[in-house]
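So the sequence lines, in the order shown, correspond to chains A and B. With positions in the first sequence counted from 1, the corresponding number in our numbering is that position plus 373. With positions in the second sequence counted from 1, the corresponding number in our numbering is that position plus 373.
Derived by calculation from the structure, the hints in this document are not laboratory data. Be a bit skeptical, because a hint or two may be false.
Chain copies aren't distinguished; within one or between two, either way the pair holds.
[Unchecked claim] In silico BS3-like cross-links for lysine-lysine, where the CA-CA straight-line distance does not exceed 30 angstroms:
| id | residue 1 | residue 2 |
| --- | --- | --- |
| 1 | 410 | 530 |
| 2 | 557 | 530 |
| 3 | 424 | 557 |
| 4 | 461 | 406 |
| 5 | 410 | 461 |
| 6 | 464 | 499 |
| 7 | 464 | 397 |
| 8 | 530 | 424 |
| 9 | 500 | 464 |
| 10 | 557 | 406 |
| 11 | 424 | 528 |
| 12 | 528 | 499 |
| 13 | 464 | 424 |
| 14 | 424 | 499 |
| 15 | 464 | 528 |
| 16 | 461 | 500 |
| 17 | 560 | 410 |
Source: prediction; values computed, not measured.
Protein chains: 2
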Amino acid sequence: MQLFFIDEQINPDEVVTLAASDFKHAVQVLRMKVDTKIQIADGTATAYPAKIINIEPVTSTIEAVITGDPLADTELPLAAEIICGLPKREKADWIVQKATELGVTRIIFFAADRSIMQWRANQVDKKLTRLQQIAHDAAAQSHRRRVPEVDYWPKLKAALPTTGLNLVAYEEVVKEHEDFGLVKAFKQLQTNPETVRMIFGPEGGLTVSEVAQLQEVGVQPVGLGPRILRTETAPLYFLSSLSYTMELLK
Amino acid sequence: MQLFFIDEQINPDEVVTLAASDFKHAVQVLRMKVDTKIQIADGTATAYPAKIINIEPVTSTIEAVITGDPLADTELPLAAEIICGLPKREKADWIVQKATELGVTRIIFFAADRSIMQWRANQVDKKLTRLQQIAHDAAAQSHRRRVPEVDYWPKLKAALPTTGLNLVAYEEVVKEHEDFGLVKAFKQLQTNPETVRMIFGPEGGLTVSEVAQLQEVGVQPVGLGPRILRTETAPLYFLSSLSYTMELLK
C-alpha cells in the first residue's frame, strides 16, 4: 500500500490534500483512483490509513479522507545518524536508500581524507536535493513515519555535535584491543536511548590521523565483526544490528 | 592487504603457488611484485600471512612463502544460507557481493511465484558462474577464509533440506502475531549452532500460498522489524543481526 508524506498535522475529521509534488507519480505511474486505499504520514510522524476521494488534474490535487485510527509507529526508538566519507560513483544513492529502509534519521556525507569523489561548494545543494528525493521515496516505500535528512559537512570534526553517543567504525582498534565495543554501546543505548551517530570511512578507510582527531573529541572506535565491510555495507551492518537490539531484543 | 584463495592445503614450510586465474589481476591490476605481502586462504579455510617470492609471466605463475602463523578466523561460527526469490536486474549481483562480505556460506536463488526475472534452464550455468566469480572477489576483499557457494533451485520446497533451522522472512506474520521471532531463532542458535537458512521473497514478496507450503515443511516465519525492507536489503538485515548475535554478543 502506498504511503504519502504531508507536512501539516492531520486532523482525522477533515479532508487531507496530498502534496502537489506527489500528483504525477500517484496518478500516472501508480494509477491511483478514487477509493484507492493509501497511508498518509503527517508532520508529527503519525500515519493514518486513508482513502482517495477526489483527483483533480487541473490543479494537480488529490484529496483523501482518514479511514481509521493512527497506525503503529515504524520508527527506531532513538535518533540514529550515519556520517559517511564521500564514496565513489552512485554508492551515495545506495547508502541513502538502504539506510532509510533500515530506519536512519539523518545521513551526513563528509569530505574524508581518502575520498576520491569530491563535491564542489556550488554542487552541494543540487546533490543534496537529489539525495533527499531518494530518501523521500525510500521512506515512503518502507512505510517510515518521517523522511530522514541528508546533509553534507565540509569539515567533520568541527560539525560533529558533542551531545549523544558518537562512534566511529574502525577495525584497527579491534586488532589493537582498543575496541569500545558495539555491544557496550548498544547496552548503553538500551538504558539511555540518546542520539547515536556512527562515522564511516570512504573506500580505503579513515586515516590514522582522522581517527585520532575524532578520539580527541570523545568519539569511540568500534569494530563491526571480523570481516572487512565495504564503505556502503558497514552502515547497513550498524543500522541492522541497532534495529535488532532496540526493536526486536528490546 | 590482498587475500588469495587456493584449493590445496597449505604446508607452511613449502612454496605456495597461487591460482593461474589470479595472475592477471594480481600483476596487471594490483601491480604486485616480489616481496609484496599478501594473505593466502587454503582449502581448509585456514589463512596465512605470506610474501611473493617469484612472478613468472610465461607460465602465469606467482609463488609465495608463508611468513607467519595462521591468521585468526573470520568466518561465522555456523553455516548461514540465504535463499532469495530471483530479483530484477542486477540486484542478484549486489546481494551476492554484500551477503559475502557479511559472512554468508551459501546463496541460493529460486524462481518465486512473483519473480519477474526468470532464468531459462540453458542460462543457469552461465549466470551461476558469473555470480560465483562475484562471490569469489567479495570473499577475497572482505578477507573471508572460504568462498560462499552460489546455487539455483527451480523448485524451492523440493530442494529445501530438512536439517538445520529454516526460516522465512514474512512481515504478515508479525501483524497476525504468528511471529516465531528472530530473537527466539537466534537464542536457539546460540545454544545449538546448526545451519540456519532464511528464505526471502522477490519484489512483491512471497505469496500466501508459497508461505503456507513452506510452513507445511517446518519453515518458521519471522519478522525483520517494523519497516518494509526491499528484497535486496532484507538478507543483509538477517546476516548483520546474525553476525552481531553470534560474533559480537557471543
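We went through each hint and held it up to the structure:
Taking the shortest Cα distances, residue 410 and residue 530 never come within 30 angstroms of each other, neither inside one copy (46 angstroms) nor across copies (34 angstroms). When the C-alpha separation of residue 557 and residue 530 is checked against a cutoff of 30 angstroms, the pair qualifies only within one copy, where the shortest distance is 23 angstroms, while the shortest distance between copies is 41 angstroms. Taking identical chains as interchangeable, the C-alpha atoms of residue 424 and residue 557 are never at most 30 angstroms apart, the minima being 45 angstroms within one chain and 38 angstroms between chains. For the homomeric pair residue 461 and residue 406, the shortest alpha-carbon distance between copies (27 angstroms) is at most 30 angstroms, but the shortest distance inside one copy (41 angstroms) is not.
Taking the shortest alpha-carbon separations for residue 410 and residue 461, only the inter-copy value of 27 angstroms comes in at or below 30 angstroms, while the best intra-copy value is 40 angstroms. In this homomeric assembly, residue 464 and residue 499 come within 30 angstroms of each other (Cα to Cα) both inside a single copy, at 17 angstroms, and across copies, at 27 angstroms. In this homomeric assembly, residue 464 and residue 397 come within 30 angstroms of each other (Cα to Cα) both inside a single copy, at 27 angstroms, and across copies, at 27 angstroms. Taking the shortest alpha-carbon separations for residue 530 and residue 424, neither the intra-copy value of 47 angstroms nor the inter-copy value of 38 angstroms comes in at or below 30 angstroms.
In this homomeric assembly, residue 500 and residue 464 come within 30 angstroms of each other (Cα to Cα) both inside a single copy, at 13 angstroms, and across copies, at 24 angstroms. In the homo-oligomer, the alpha carbons of residue 557 and residue 406 never lie at most 30 angstroms apart, since the shortest distance is 50 angstroms inside one protomer and 42 angstroms across protomers. Within a single copy, residue 424 and residue 528 get their C-alpha atoms no closer than 46 angstroms, and across copies no closer than 39 angstroms, so neither meets the 30 angstroms cut-off. In the homo-oligomer, the alpha carbons of residue 528 and residue 499 lie at most 30 angstroms apart inside one protomer (19 angstroms), although the nearest pairing across protomers, at 47 angstroms, exceeds that limit.
Taking CA atoms no more than 30 angstroms apart as the test, residue 464 paired with residue 424 passes in neither setting, with 36 angstroms inside one copy and 33 angstroms between copies. Taking CA atoms no more than 30 angstroms apart as the test, residue 424 paired with residue 499 passes in neither setting, with 34 angstroms inside one copy and 47 angstroms between copies. Taking the closest pair of Cα atoms, residue 464 and residue 528 come within 30 angstroms of each other only inside a single copy of the chain (20 angstroms); across copies the shortest separation is 34 angstroms, beyond that limit. In this assembly of identical chains, residue 461 and residue 500 lie within 30 angstroms of each other by CA distance both inside one copy and across copies; the values are 14 angstroms within and 27 angstroms between.
In this assembly of identical chains, residue 560 and residue 410 lie within 30 angstroms of each other by CA distance neither inside one copy nor across copies; the values are 40 angstroms within and 39 angstroms between.
Going down the numbered hints, you'll see the structure goes against 1, 3, 8, 10, 11, 13, 14 and 17, while the others check out.
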